[in-house]
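Work out the full structure, taking the sequences as your base and the hints as a guide.
Residue numbers (our numbering), protein chains in the order written: chain A, 1 to 381; chain B, 382 to 861.
Keep in mind the hints are simulated off the structure, nothing from the lab. Just so you know, these numbers come straight off a predicted model, no measurement behind them. One thing to keep in mind: the hints can contain errors.
Cross-link-like lysine-lysine pairs, in silico, BS3-like; alpha carbons within 30 Å at most [said to hold, decoys possible]:
| id | chain 1 | residue 1 | chain 2 | residue 2 |
| --- | --- | --- | --- | --- |
| 1 | B | K483 | A | K140 |
| 2 | A | K153 | B | K483 |
| 3 | A | K189 | A | K100 |
| 4 | B | K819 | A | K153 |
| 5 | B | K483 | A | K100 |
| 6 | A | K374 | B | K783 |
| 7 | A | K4 | B | K848 |
| 8 | B | K727 | B | K783 |
| 9 | B | K848 | A | K100 |
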Amino acid sequence: MNLKKILPQLLTIVVVVLIFGFFSYNAQVNMDNRGITFGYGFLSQESSFDVQFSLIEYDGSHSYFRAYLVGLLNTILVSVIGIVFATIIGVVVGIARLSKNYLIERTAAVYVEFFRNIPLLLQIFFWYFAALRALPLPEKAEPMLGVFFLTIKGFFVPAFVWNNLDIFIYSIIAAIISIFFVRLYAKKKQENQGIQTPVLLISIGLLAVLPLLSFLIGGAEAYVEIPVIKQLSQSSFTYEGGLKLPPELISLALALSLYTATFIAENVRAGVQGVSKGQKEAAASIGLTPNQILKLVVMPQALRIIIPPTTNQYLNLTKNSSLAAAIAYPDLVLIFAGTALMQTGRAIEIVSITMLTYLSLSISISILMNWYNKKIAIKEK
Amino acid sequence: MNKFSFLTPDKDNLYVYLYSGLLLFLFSVIDVTLNSFLNINLTSFLPDTISFLLPLVLGYIGLHFIRIEYSGIKFLDLVNRNINTSHFNAFLSLIIIFVVIKVLPPALSWFILDANIAGDSKDACSGTGACWTYIKIWFNRFMYGMYPNDEQWRINISFISLAFLGSVGFFAPDKLKKYLTLYYVVIYPFIALLFIYFFISGGPIFFDFSYGIIAAAISIIIGFFIPSKFKMYYFLIVPITIYILLKYVFFYEELIELGKLEALEWVETGAWGGLSLTFIVSFFCLIFCFPIGLFLSLGRRSDLPIIKYISIGFIEFWRGVPLITVLFMSSVMFPMFLPEDMFIDKLVRVIIAISLFEAAYVAEVIRGGLQALPRGQYDAAKSLGMGYWKMHIFVILPQALKLVIPGIANTFLALVKDTPLIFVVGLLELAGMLGLAKTNPDWLGFAMEGYVFASIVFFIICYAMSKYSYNLEQKYKTER
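This is the structure we're talking about:
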């Protein structure tokens, strides 16, 4: 080892250690002055604040850890909704961008340029403070399709009430497992005999039949509960029954999916354009049908280009969901880094937990993505 | 007469199909237009549903009739190729045309025809259209935040001169072109810092500014007589020395006298805001995040394990957390890490936080460029006996940075779009000011106008940036 290699590393370590030492020394002094001791024990204390919207049972008597879980679940909820809609819109717009129809191509292009060039925060504000505030009051809302009520207080939709829900879920799991085996079998069959099995049709059939069986034989039951208007006082109405999606959730999910969809659309476009024309011509010349060309030649290659940046966009969407704090949707940042921090004053612990949560979320997704990338990478010999 | 079928239009009866198709299509368009602009329903004698769907059906049949390949009529072929290739496409084209016609009148009426801009209070607005009066009255606040009205010329002058100084690169004679990098990387940011710190912030320290100018002028004049070999060191050391000498040795007594004179009024950073704050924040973050990101990317590709892993950890940490938590950290957690008597201004903390955050993204972009360079470039540079820094400064970085210019431009675009987030720490740029104006009791109920205005402003800025980056991409694509 020569000095030229050791010296810079040594210097870096010294600098990093010095900075961390300086910070932690100051933190120690500051906390001593305020009479707080560092520790995560507060997580089991009673939180004594309420949250408007929660997926699990929660009120002020639960612990701070429970509040953290509520926030985390709400973050995951809005991210999942956003990812689903962003993917749908993104794929549709991305394909529209490739259309030979001038009007469709332009419309998609205008959509993409417009929504990606306006800051996301502004879009969330717009939907929440301007667009959704123009909705009618509960008593004046027109029902959509008879059962959906879009009002200023939120979106009221019918809810399923289940008997024996577990059997239904088991049937879906069973369907997924059997689809997996069908795929395995089809692949083997194709490799051995060159015969293709209609996997997609079989999969859809399995997904439809097995849950249906759970209704017919298994004893699973579901009926729909339709929201009904209810008068709270002289001038205040609300809906009872069904499911209420708060306006914060709607505007956040709307803004997130519309914004992220523009990026996904560009990814889809780049992916499909990235498959060279020669590939399609070669596939056609060996006698594949157009459907087979799309399924066996174009899509596998396009997906290889599309998926990595799209996973990145999913990650961005999840991180951007933290903007919820701006419109008081109770997500992880608002509940934990906002309310809980205000009450306990434990800045270092709470901010570190919040950051670590997001960090582990994104690192696990990127590990998954790297694994997938390796799996689908072109294997050169 | 040849065989004639409405199901399969062909070229033989071209004009029959063309005229009947056009007639149907035009009728459907006129029907929708009248309906939407003048509120006249031509087909009101029909039941509602049929009357509503009729233009769609007629237009669809019309487009079907005129879908004749190689008709020999240039315009018809153009239309067919672009909006009328198949049944499905024709249907979508019709829907898009009708939606545009339907949306146009209400949009026009809200934006222009029924909108109000006169007057200076809420009463001047009729409420049928947009109330641009609101924007007009609040315009100063939206641009300058809480900055005192009488002092806003300082922001204007600073921005105009900075824009002027920034455009020097376009007019520089070829002889001076080689100094442009130095100018943009070192001198220009320094001048900008002086402007912001002494001019926009103001206060008695304004007189430091004049010392700075005197020091710069003296050192430039002397600089002409310094041999070019030492010029670099000269300009690094001498101006600062002259500045310190001027401030603390020669003019110390006078400073006290001058300080008593009426100087520019001090405006605390809490009062800055609006669009000008957006510019200030994104400008400085842009300047700081680039060098940090450059060093991080070099560190990540370094052979020295400790530096490599520290860089990786640093980059992945910032890339893994949302900006809003970083800002939370800078506002509530960071003060805990400082000695009690030490205070860093809120704006400075925010700029540091965003710079570190964006630097991680810039680092990844630059890494892409470094990886894209063929190994031969490294080997060639090494075989010429170049060391690490020489190799990177003269061979690797000029090529790698050229490759990643579009990527960096995109990162900067993301940075500009992220600046509204600084509302978390209580700094109100444009979006934040809108939130404030919205809750003003005299101006309730104009959220829509405000957000539309802000959206347009941001759209213009970001769209221009993205078009510029696209142009750069095209330019550098062809050169390789």
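Hints, one by one, checked against the model:
no., hint, result
1, B/K483 x A/K140, "25 Å, holds"
2, A/K153 x B/K483, "29 Å, holds"
3, A/K189 x A/K100, "38 Å, violated"
4, B/K819 x A/K153, "20 Å, holds"
5, B/K483 x A/K100, "24 Å, holds"
6, A/K374 x B/K783, "29 Å, holds"
7, A/K4 x B/K848, "45 Å, violated"
8, B/K727 x B/K783, "35 Å, violated"
9, B/K848 x A/K100, "23 Å, holds"
Of the numbered hints stated above, those contradicted by the structure are hints 3, 7 and 8, listed in ascending order.
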